[in-house]
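These protein sequence lines are chains A and B, in that order. Under this note's numbering, the residue at position 172 of the first sequence is numbered 172, and the numbers go up by one with no gaps. Counting from 1 along the second sequence, just add 1000 to a position and that's the residue number in this note's numbering.
Don't take each hint at face value.
Selected chain B positions facing chain A (Cβ under 10 Å, derived; list incomplete) [as the list claims (entries may be wrong)]:
hint	residue
1	1090
2	1116
3	1141
Result set (DSSO-like, lysine-lysine): computed pairs, CA atoms no more than 30 Å apart in a straight line [claimed, not checked]:
hint	chain 1	residue 1	chain 2	residue 2
4	B	1018	A	132
5	A	18	A	68
6	A	18	B	1068
7	A	18	B	1150
8	A	18	B	1018
9	B	1190	A	198
Everything labelled a hint here was simulated from the structure, so no lab data went into it. C-beta atoms are modelled at their ideal positions from N, C-alpha and C, and glycine is treated no differently.
There are 2 protein chains.
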Amino acid sequence: MSTAYDVTGTTRVKRLAKRGAYDHETVHAILDEAALCHVSLVVDGRPRVLPTLHWRSGNRLYIHGNSKNGLFKAMRDGAEAAVAVTLMDGWVLARSAFHHSVNYRSVMAVGHFEEVTDPEELMAAYQAMMDKIHPGRWDEVRWPNEIELKQTAVMAMELVEVSAKLRTGPPVDDAADYDLPVWAGVVPLKVESGEPIKDATPRSE
Amino acid sequence: MSTAYDVTGTTRVKRLAKRGAYDHETVHAILDEAALCHVSLVVDGRPRVLPTLHWRSGNRLYIHGNSKNGLFKAMRDGAEAAVAVTLMDGWVLARSAFHHSVNYRSVMAVGHFEEVTDPEELMAAYQAMMDKIHPGRWDEVRWPNEIELKQTAVMAMELVEVSAKLRTGPPVDDAADYDLPVWAGVVPLKVESGEPIKDATPRSE
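Isolated chain A (complex conformation):
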């Protein structure tokens, strides 16, 4: 059983190659923690970028949106997609301007999205999305009806050409700069949930 994605010419981490990772565990953990991805496409020869929610089941990456979305149309017509998922974990403050950096965990995937039409996969995909938003949510909410299912498209990409890239740890300064009287280190960043705000709209009854 393979537990890592193949390293291909497209997804091999070229710059700072030691930051690259291809194992399922690392790639999937980043995809699962991040809410948003950015999907890049070529439409009529021009670059387009779509920020959107994503979720994962096994080796399949899902996004969804209005069925009439022009970028989904391009995907149906065979347009290749490059997907970036980026988690920013901290500012890295070095003693020199040059060595300032960011601690991050990112994933890049290249491939083709196809529309999910199989009813079973479609409902499983909606459940997985809802449970990513809030665990157990699918069992609480009203499920999509026929009209809503028609208005929405779910697109899936099989993860084949995919890699992760990570930076962790303290700044790395030039030897001579360690003598400078400059505070250096990492300012960690984290996405925190605030107190939930209940919708005050009353029931109609």
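Assemble the complex: chain A is given as a structure, and chain B must be docked to it using the hints.
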């Protein structure tokens, strides 16, 4: 004095147009708060996406990286860029699966990056970047030397075709669904800084 960006065919918010905004204040506030952007380019006919730090001075958007970055080369050769900046402010939990959403503030900019070569703009750009990472940082650190300046490229895009898109507030459910006994509301999300971790590497002396 114009205080809003022109609405063009490329940047006009088409889907959910009421969420669009074009005024400088809204656009600039999102660009300034967000650390990361995703730059989409077409290289050899294929989509590429680059997650990278950005910063702003006036109506100019800056990014930087290794001078030999292949995407920067494409930009120097005239490749158009689509830049997305996305802040996620909360999960919107509706009573129906369909109306679940995200509160967000995003910016989309389309245009061309050019390399900053004017020494004065270059140093001002480095200062602005450092001060975005940590206010006043530029006055504390060792400034870039000749070798470092050669290894790094700063690219600037004049903001002309740019728009913001925002969602705020509670879920909007179908009238009948307000009777469902489902918790609905917003779970706010915020990026928080943790306790700074000082680099423990000793001085050489």
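query = If you check each hint against the structure, which ones fail?
reply = 2, 5, 8
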